[in-house]
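*Asks:* Chains as they are written, first to last, in this note's numbering: chain A, 1 to 347; chain B, 1 to 665; chain C, 1 to 205.
Calculated from the structure, these hints are not laboratory results. Worth double-checking, as some hints may not be accurate.
[Unchecked claim] Below are the DSBU-like pairs computed for lysine-lysine, each with C-alpha atoms no more than 35 Å apart in a straight line:
#, chain 1, residue 1, chain 2, residue 2
1, B, Lys644, C, Lys97
2, A, Lys76, B, Lys371
3, B, Lys373, B, Lys306
4, A, Lys76, B, Lys373
5, C, Lys8, C, Lys168
6, A, Lys81, B, Lys524
7, B, Lys575, A, Lys76
8, A, Lys70, B, Lys524
9, B, Lys579, C, Lys8
10, B, Lys568, B, Lys220
11, B, Lys579, A, Lys76
12, C, Lys173, B, Lys213
13, B, Lys39, C, Lys96
14, A, Lys88, B, Lys587
15, A, Lys89, B, Lys373
16, A, Lys81, B, Lys371
17, B, Lys587, C, Lys97
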Amino acid sequence: MLKKSSLISLVRGVGLIALTFFLSGCEKFIVFNSKGPIGQKEAQLIIIAFVLMLIVVIPVFIMVFLFAWKYRASNKELDYKPEWVDSKKVEMVVWSIPIAIILVLGTLSWIYTHKLDPYKPLKHDLPALQVQVISTDWNWIFIYPEENIATINELIIQADRPVSFKLTSSTVMTSMFIPQLGHQMYAMAGMQTQLNLLAEEPGIYQGLNIEYSGTGYHTMHFKAIAKTADEFNAWLAEAKQSPDVLNRAKYDEISGQRIMNYPITTYSSVEPNLFLDVMAPYMEWMGHVGVHPEDYLESQGHSGHGHHHHAAPDMNHDSHSDHDMTHEDHSGHDMHTMDTDTLNINK
Amino acid sequence: MFGKLTTGDIVQDPLTLIVVIGMIGGAIAVVAGLTYFKKWGYLWREWLTSVDHKKIGIMYIVFSLVMLLRGFADGIMMRTQQAMAIGESQGFMDAHHFDQIFSAHGTIMIIFVAMPFLFGLMNLVIPQQIGARDVAFPLLNNISLWLTTAGGALMMISLALGEFSNTGWTGLAPLFGLEYNPYVGVDYWMWSFQLAGIGSTLGGVNFIVTILKMRAPGMKLMKMPIFTWTSFTANVLVVLTFPVITIALLMLTMDRYLGMHFFTNDLGGNMMQWNNLFWMWGHPEVYIVVLPSFGVFSEVVAAFSKKRIFGYTSLVYATGVIMFLSALVWLHHFYTMANNPSVNVFFSITTMAIAIPTGVKIFNWLFTMYKGKISFATPMYWTMGFLVLFVLGGMTGVLLSIPPADFMVHNSAFLVAHFHNTLIPGALFGYLAGFSYWFPKAMGFRLNEKWGKLSFWGWAVGFVLAFMPLYATGFMGMPRRLAHLNNPDWTPYMYIALVGACIIGLGIFAMLVQLFLSVKDRKKNMDVTGDSWGYGRTLEWHTSSPPADYNFAIIPTVKEIDDFNRMKEEGIAFKQPEKYFPIVMPKNRPHGAIIGVLTIVFGFAMVWHIWWLAIVSFVGIIGTVVAIGFDDDSEYVIPAEEVKRIEDERFAKIREAMAQKTNNE
Amino acid sequence: MNTTDINKIEELEALRVERQHHAEINTFGLWIYLMSDLIMFSILFATFVVLGKNVAGGATPQELFHLPFIFTETMFLLLSSVTFGLSMVAMNNQNKKAVLIGLIATGLFGLGFLVMELYEFYELAASGNTPDKSGFLTAFFTLVGTHGAHVFFGLIWLISMIIQVAKKGFSDKVRSRLVRLSIFWHFLDVVWVGVFTFVYLMSMI
């Protein structure tokens, strides 16, 4: 016979643990303590989905214990009906309720996946701050192309102003994640991915790599510091005074050897087109000859939505499969992950 | 002469060294014991070369349990490291070591615990459930076992010589390429995975044919026991998806051995292709290990509620729908790879849709209990634990299926908690339920109930404590696979998780005690009738325990679902037939063992680039396969008199037991 | 005839039915295996589609493939299937000599195919187009090479069957093995038609 008391204590234990988790300071659950519109919506979505699923889960819990108790063999007034093995009514209910819930969740997923597309620029009065991110073994380089400065292992952004990230990797796959601001995005060699975030208020947020990338992976965390407009401008001015510059040699030094915890540094200037130079060699290998980084630079600002994503494994075959980026105008075509696929050689 | 292998490759790290010495000591003790008791011949003739599905099943499960111990040791080391390594403290191992441990843990648990356990159960049960005398290809069955074991052996060798992979059980492109991983770790992972995978593919072919072609007369598809149904769908998935991982691993082999460019960054490789190929196998694989376990729960819940499974037809359809959908969801493992939102949504909805048939199954089990007469034996404990805990895992799974939600917890501790929450209650609890349910059938005596239940409580409570905190830290932004923590907020949760892991350890300990006590007291717990629990409903309970080589002296003719229950109701279940016929049975043959040993040698030679040895062993393998083709002497006939003698003996015992029972009453 | 004899006949009949059933099971098993093999090839094809354009600044398919050569190679394999078909007809007529000639011819055509394939590989490598040069060559060599490996193992199987037919004649087991080899051999043919179409012909367009 099932020991009822131990089961109850188990349930109570689970409940207690759950309670401690949530009482021990909600602000620690940074996913639910979001400081950005993206993260807030995503946290909401998690809660909505959770509550919806309770519609099925709670009855299941009740039924498990109720049936186990009521139909135990030792029950004196047992209502044992071995021939009751089919019921159209019950079947209808157990199929239709999950279907209904999944219909609702599926619709939610449809709406929010499009709404919260990481590539989608955020609507705001201020123009987005452009940041190019290069992940190396095992450090984060942040380049501010419009300001022509760069930092390593620390991200400074302006609060209440959208940030538009372009990510690539100099080595293996990584994933940049600032949990309190919103979604994460992979960074891959030879490809550019995008991420749009916004911090609503000034603060220090934890940022990290969340895709295992080798021995130094556990050191790939950084601070994302959101400053007020004034502070941010002051920081920009200060950054311009930095004696360090991020030229090609410096970049090679950082990325060439596998080092952890490279000291936080601000660079007063950056090698022109460094971000594209990091990607270019891999892109050439993807079937493209004579890539000129300048050609891509123009395309940076665009965010035409049509096909800037790829659908692995067969990448976008649509529209510009014989489009040669080196010679043609490519407005509306964003250089991103698999647009390399479209860079055919037209011999 | 020895390729890349030098004395410098022998493991140096003191901790590992102790383990290795312990393992070698154990191996020496076993060899010495076998020699002393002159059991080598017995072991070779009766087990290693056996083509009997029941013995193969037992060997699979023994192998799986041994590997479970190793996998658990890895798990508890990870928990300890994460509880210790915070701030200044580096824990008790360096990151490279930790990385190998999480890779080994995952590979072992999926490939060398889950797969052999489920193939073990299928071997033990399916031929008996469908009223057959063996599987369709008995020798191939033996070869499958040996290939899986060869992979496991290679995995164990990596402890002593060289290192293991650091790129997770899933492999990570391009991290596992030569450029970032020039040493042998990835090769060990790749080959042990590959060999075991080929074994599984062959096993899948074997069981599909067995189930489709060898059922007893009258057993239509819609009269098959649910365990056979779920195993059938799992095997269809095996045959459809294991070839994908075989080829993906072959591509990686090409990259690593011939400098090709499938998954490299440079020269036109495409590392994203690995993610696709891996998860085209990897996600169905999750259902491969879970579906048979669902089958076990179905059998157990029906038997111990003393009621036929509720909604048989809808349960079968739900299983089919799960099988179909599981092949269409792989992309949800990388929503964050910059896919078009519409693509993400497609995979999001297919993923959620799996929750529908799964939910239906849960209700079917619940309504089987409804109006039943439930006895709470150990297998039922595991089933109840599953029902409660698995629902949580399913819920977090649906959360993860929504791309924007996944963006926040992908690759975090939340994910670790989620898949352990599905795999431990969903798969492992099912195997352990099946283990305790069918143990008397396989061995002829029942297991100790008290320690079995203690083992359950250890697992259930330990599981909750070990993994619920990970859900929490996932919401605190904690990544998976972290050798050193940088956020002190996480540490208290890691302490709880460590305590949980230790309680799971107690559960495993209780299981060992249970086995020891059960073997010691076996005379008291003999199962004479073959219907070990008295509640058996399906045909496997129609054979003796342990079954004769041929399972059924006369192949039964099936009339309905749960046919053995019908026989019992009609009072013909234990009636001895009047006439017996000679039976053709497959002969034990050494080819599987030879191939197995050569495969270990081949894998080892490939890992260390010992080309001559690789060629010699490969030619040996091919030669053995050709020899099988020439071998016409593969079966023997048990004469009708011999069958009669065995059956007379059995029925004498049954009559005696029944007489005793009536006397007692 | 006494009862023991009747019993014996009954028993023998039961054994015969059981064995026949087993031959059928073996063939069914081969079909299931071929299904999994087909999936392997489809994955290789899909990967060829993904990587086929990544020539990494090296040679393109148009520069490398010589269709007339490949066509001849294809004809060798197709002819080998024809000769196999003929020897199956001969088997049904119990004509051992014709079966052996047919199988040997099949083996020779298969060998010719394999030699031509290896020669193609050799020429590519000699001109510097080794599989480590680009994603395209990687995918090409692996796909075509995997098919080649199947043909190679098919040849080993074929040789073993030639020996078996020569030594054992047409026992039930030999016959059923031969049926299975023929299914496997035709399967290789079908896959090659796919390779020829999707790898060679389509790349030329």
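*Asks:* Are the hints correct? Go through all of them and say.
*Replies:* Status of each hint after checking the structure:
{"no.": "1", "hint": "B:Lys644 with C:Lys97", "result": "violated (47 Å)"}
{"no.": "2", "hint": "A:Lys76 with B:Lys371", "result": "holds (13 Å)"}
{"no.": "3", "hint": "B:Lys373 with B:Lys306", "result": "holds (6 Å)"}
{"no.": "4", "hint": "A:Lys76 with B:Lys373", "result": "holds (11 Å)"}
{"no.": "5", "hint": "C:Lys8 with C:Lys168", "result": "holds (27 Å)"}
{"no.": "6", "hint": "A:Lys81 with B:Lys524", "result": "holds (34 Å)"}
{"no.": "7", "hint": "B:Lys575 with A:Lys76", "result": "holds (34 Å)"}
{"no.": "8", "hint": "A:Lys70 with B:Lys524", "result": "holds (32 Å)"}
{"no.": "9", "hint": "B:Lys579 with C:Lys8", "result": "holds (13 Å)"}
{"no.": "10", "hint": "B:Lys568 with B:Lys220", "result": "holds (20 Å)"}
{"no.": "11", "hint": "B:Lys579 with A:Lys76", "result": "violated (45 Å)"}
{"no.": "12", "hint": "C:Lys173 with B:Lys213", "result": "holds (19 Å)"}
{"no.": "13", "hint": "B:Lys39 with C:Lys96", "result": "violated (48 Å)"}
{"no.": "14", "hint": "A:Lys88 with B:Lys587", "result": "violated (49 Å)"}
{"no.": "15", "hint": "A:Lys89 with B:Lys373", "result": "holds (22 Å)"}
{"no.": "16", "hint": "A:Lys81 with B:Lys371", "result": "holds (5 Å)"}
{"no.": "17", "hint": "B:Lys587 with C:Lys97", "result": "holds (33 Å)"}
Checked against the numbered hints above, the structure violates hints 1, 11, 13, 14; every other hint is satisfied.
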